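S.K.: The numbering of the sequence shown is the numbering used here, which starts it at -17 and goes up by one.
In case anyone wonders, no lab produced these hints; they're calculated from the structure. Treat each hint with caution, since some may be false.
So the derived label-pair ranges between C-beta atoms look like this [claimed, not checked]: (1) P127 / D231: 27 to 37 Å; (2) R224 / A187: 23 to 33 Å; (3) A146 / Q191: 17 to 27 Å.
As the structure is a computational prediction, the values presented were derived from the model and not from experiment. C-beta: ideal position from N, C-alpha, C; glycine also.
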Amino acid sequence: MMAITTSASTATRNSTSRMPMVRRARPSWNNSRQRRGVSIRISCALTACGRRREWGVRLIMRPPAQAIRRALSEHPERDRIDPDRAAREHAAYGQALRAAGVAVTVLPAEAEMPDACFTWDTLLAFPRWGEDGTALLVAARPGAPSRRPEVASVLACARQLAPAATVVEINEPGTLDGGDVITYGSRVAIGVSARTNVDGARQLARAVQRFGYQAYLCPVADRLHLASAVSPIGPRRLIGTRSGFQSLDSAGPAVAPKEVERLLIPDDAVAGANVLAAGGRCFVARGFPAAVQALTKAGESVVDVELDEFLRADGGPTCLVAPVP
């Protein structure tokens, strides 16, 4: 099926006019707007975030279907997932990304794939280190067999966006979920978890090393994915919980050396550690003020989006996008 592509310039006039604006201000401030029952709040502070080089300015998304009720999740409220509200939250999130100037490609919903909205797990994309443009596409092999049919359509879309890129597929017996991978600067940290095994992690490591990256295998024992507790904000800045940083440190001091700044948030705010940096802003799930405070104190512009239904499905801001630089 054909992908539906929407960018900031093609968003509808009515939806764009209802989005909050980001402005520079000496003090930080909060603003919220309601859209169809879903709110988006933006906190701003003086920052150079918008001037730094970022990868992942093109994002592949897929809205949830009614099947999200059956999403793989250990969340205590997983039985309360509301598919209609999830669809509204997803649309508002996409609108917030477009408002930040990020190009978003939206794939059709998959009626029989409960977790298909979590596109990050299916595909990883990398520029050659130090260069622009997508050089490598990695088709994941999710650890949950029910999720493997999701990969083909996301890979096909990424190939349209980056036709010159080398394509590598994770092969059996390897398994790899994109949620176990974070990239910051020339470092690629790969979580070895219940969803990503050592073989899959090593396949990815070999692939990215050919494109100039340093790869590290990091143990993940107490949560779904590595990115569930630590996320990159820039090449030398991470946000995470104690557990998230312990996973990195377990792989050795070179993974996150002293020059990589750590924004530490409490373990009970772990869902706030899943942050998407895109369009000069940091997108955080609503309800985690510790994460918002840490980011704004560090000079970042924060977009606080309501993703309650996806949190119940063990998802977060990064899970819902597949970045293609």
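S.K.: Now tell me, hint by hint, if it's right for this structure.
M.R.: Cross-check of the supplied hints:
1. Checked against the hint of 27 to 37 Å, the pair P127 and D231 passes, with Cβ atoms roughly 32 Å apart.
2. In this structure the hint that R224 and A187 lie 23 to 33 Å apart at CB holds, the actual value being about 25 Å.
3. At about 20 Å, the CB distance of A146 to Q191 agrees with the hint of 17 to 27 Å.
Of the numbered hints stated above, none is contradicted by the structure.
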